[in-house]
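Same order as they appear, the protein sequences are chains C and B. With the numbering used here applied, the first sequence covers 1 to 199. With the numbering used here applied, the second sequence covers 1 to 247.
Hints should not be assumed to be uniformly reliable.
Unchecked claim - Computed list of lysine-lysine pairs in DSBU-like fashion (alpha-carbon distance at most 30 angstroms, straight line):
1) B:K62 / B:K217
2) B:K62 / B:K116
3) B:K227 / C:K4
4) B:K62 / C:K4
Claimed, not checked - Quick look at which bits of chain C chain B covers, simulated, 3 or more residues with Cβ under 8 angstroms:
5) 14 to 25
6) 76 to 88
7) 94 to 101
8) 131 to 143
9) 147 to 155
10) 177 to 183
Simulated from the structure, these hints should not be mistaken for laboratory data. This structure is a prediction, so every number in the text was calculated from the model and none was measured. Beta carbons are placed, not taken as given, at the ideal position from N, Cα and C, and that holds for glycine.
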Amino acid sequence: MVQKIDTLIESASQTAGPYVHIGLMPTYAGNGGSFETEVGTDPIAGKIEGEIIEIVGSVFDGTGWALRDVLIESWQCDANGLFPGQDGADPNFTGFCRFAADAETGEYTLRTVKPGSYTGRNGVESAPHISLWIVSRGINIGLNTRIYFSDCDNSGDPLLGRIEQRPRVDTLIARKTDDGRYRFDIRLQGEGETVFLDI
Amino acid sequence: MSEHAIPDHGRLIPRDRTVHPAPRDPEYKTSVTRSPNLPLLSMESSPSEETGPTFGHGLLGKLDNNLILNFSQGAAPALGERILMHGRVLDQDGRAVPNTLVEIWQANAGGRYRHKKDTYFAPLDPNFGGCGRTITDENGYYEFMTIRPGAYPWPNRGNDWRPMHIHASVFGHSFGQRLITQMYFEGDPLIDHCPIAATIKDRASLDRLVAPLDFSKSRPLDYLAYKFDIVLRGRRQTMFENKLEGM
Ligand SMILES: [Fe+2]
Numbered sequence: 001m002v003q004k005i006d007t008l009i010e011s012a013s014q015t016a017g018p019y020v021h022i023g024l025m026p027t028y029a030g031n032g033g034s035f036e037t038e039v040g041t042d043p044i045a046g047k048i049e050g051e052i053i054e055i056v057g058s059v060f061d062g063t064g065w066a067l068r069d070v071l072i073e074s075w076q077c078d079a080n081g082l083f084p085g086q087d088g089a090d091p092n093f094t095g096f097c098r099f100a101a102d103a104e105t106g107e108y109t110l111r112t113v114k115p116g117s118y119t120g121r122n123g124v125e126s127a128p129h130i131s132l133w134i135v136s137r138g139i140n141i142g143l144n145t146r147i148y149f150s151d152c153d154n155s156g157d158p159l160l161g162r163i164e165q166r167p168r169v170d171t172l173i174a175r176k177t178d179d180g181r182y183r184f185d186i187r188l189q190g191e192g193e194t195v196f197l198d199i
Numbered sequence: 001m002s003e004h005a006i007p008d009h010g011r012l013i014p015r016d017r018t019v020h021p022a023p024r025d026p027e028y029k030t031s032v033t034r035s036p037n038l039p040l041l042s043m044e045s046s047p048s049e050e051t052g053p054t055f056g057h058g059l060l061g062k063l064d065n066n067l068i069l070n071f072s073q074g075a076a077p078a079l080g081e082r083i084l085m086h087g088r089v090l091d092q093d094g095r096a097v098p099n100t101l102v103e104i105w106q107a108n109a110g111g112r113y114r115h116k117k118d119t120y121f122a123p124l125d126p127n128f129g130g131c132g133r134t135i136t137d138e139n140g141y142y143e144f145m146t147i148r149p150g151a152y153p154w155p156n157r158g159n160d161w162r163p164m165h166i167h168a169s170v171f172g173h174s175f176g177q178r179l180i181t182q183m184y185f186e187g188d189p190l191i192d193h194c195p196i197a198a199t200i201k202d203r204a205s206l207d208r209l210v211a212p213l214d215f216s217k218s219r220p221l222d223y224l225a226y227k228f229d230i231v232l233r234g235r236r237q238t239m240f241e242n243k244l245e246g247m
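So here's chain B without its partners, still in its complex pose:
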């Protein structure tokens, strides 16, 4: 038993699971054996979900958010269309989520991952690792320099292809906000053919994962920009909430 009070920042707003993918979707075959049959046990959040790990800006190396240069440590740029991926991490109340870790990974310009399990015959780029990370600033803002990832085929139904996408992992300020998602690119025709995108049944919810081309951040003669805001669960704070012990 601890004698120190746990700071109370409010309960987490329960997840609206209708905006999330169906856990089991026969069109995405691997999900069939990896999804629970039984209902989840619902409970209001507790300190275990309301607290979470924090990471300081000191963690980051200078090139951690530059996937064009970080694999070669600045020696040679990766091949591909240069892009800026940028946006803000917000909570459901529209508040910025500052100082939170954002990690991304992606295929190279040919659609190949640098992973021992990826055997697609598009070649590896000797100057592209495919991972990056950053920490949001005080306004919840983040950015990555990278290259546009290639679409790639994957074994599922007879002829399935992933649209261009960048995987993103976000912490927020509590373990219950933890989220992994994917950014898609405006105008990519493969989005409408992808069984993984289609695990999200609410079209508006899928559309919110599609990053628009953003000329306000594009740099002439250098790179195009895509804007990708990420919304995490918010916290409930009312005048009638019970406080944690000792508060």
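So here's chain C without its partners, still in its complex pose:
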């Protein structure tokens, strides 16, 4: 017998189900007042540095239907490329937002600050991006992806550079539609399928 490896095994994911809003967004579920303060309602907690932007989009299933019950979380650095908790990070920016598709239209809106670029390990610079985590009924393990921006230089980004089929890079790029406004649709499956990450 060889020696034993005693690391633990990650708990298995299970779908968030159709009623995920009860737990994570009680007001959306019609149960406002469950908690005094809900988390992730607004990443902007006061006067902040940088450009405030709105990203609008839908999450489409394999038939092209926009999910009405999807819930998304976002995490990002501030306008100067600093993550909350890091020295010098904007004290009024939490970096975290939780939002859901509109139950009628299936469209979501994320209002946040446009992130800066940051330098990671080995001096590699990442283009500005927002990380997303997508859960809903029928999604058995939360899907990770990223939003990049059509008006930024994304050419040197280490993650985008790994996408072999170059047209698929576009699935991660929010298209500027107006000043401070972007469109970012997510396609779970089929034509134009978004690049999801195992990261």
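With chain C fixed as given, assemble chain B with the ligand onto it according to the hints.
Okay, now just chain B with the ligand, sitting in the frame of chain C:
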């Protein structure tokens, strides 16, 4: 470009997806159109996944982790079998994950959710909302007082029922550790008939989501306890790792 170094706590250990559910499982019909066809893009974690939101204990109200009392704000208890759900949040190295947010939601004792989309004819309990949250202590420990949720039918195949379960959402200390799972109850015969439980193909992995009855924490003449530990991804830290810029 930032001039401040990002603290380096190590890369995340890549996910072993064989212990997780199959993303597409025809027996769970909704997953068929909501699962990617193409492989995920694999990459080592970066600061975007290694950092994550933090929440202070000041966020919590006094009854946030007591689902028996929190909906009525202490005025009247919810109906049902009183239980304590408790356990620890750990990482793969077996280290406690302290100060992390744990959120739960569940059906009431009759199997009905307080949600505008749930139309099952089991009645709502006027004193049960079905959500709770807490933050782990310095040893990664958490607990909730609640009632045993009822099993409920759901539209999938002809006659599918969910076993008793409590949904749980955990943050950890980095966005890449984010996890939503479900706690099942020891001895529930519906577990073996549930297509959602069966999306997990590795039986041992499903068994780890089944909470045992725990008499060491049960309170005589008051409540039964169930123990549910949650393991999140760990971090790799070796002497040969490259450090982040400036470290
Ligand atoms: Fe459920």
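Now for the hints, and whether the structure bears them out:
no.	hint	result
1	B:K62 / B:K217	holds, 21 angstroms
2	B:K62 / B:K116	holds, 27 angstroms
3	B:K227 / C:K4	holds, 26 angstroms
4	B:K62 / C:K4	violated, 43 angstroms
5	14 to 25	holds (count 11)
6	76 to 88	holds (count 11)
7	94 to 101	holds (count 3)
8	131 to 143	holds (count 11)
9	147 to 155	violated (count 0)
10	177 to 183	violated (count 0)
When each numbered hint is compared with the structure, violations occur for hints 4, 9, 10.
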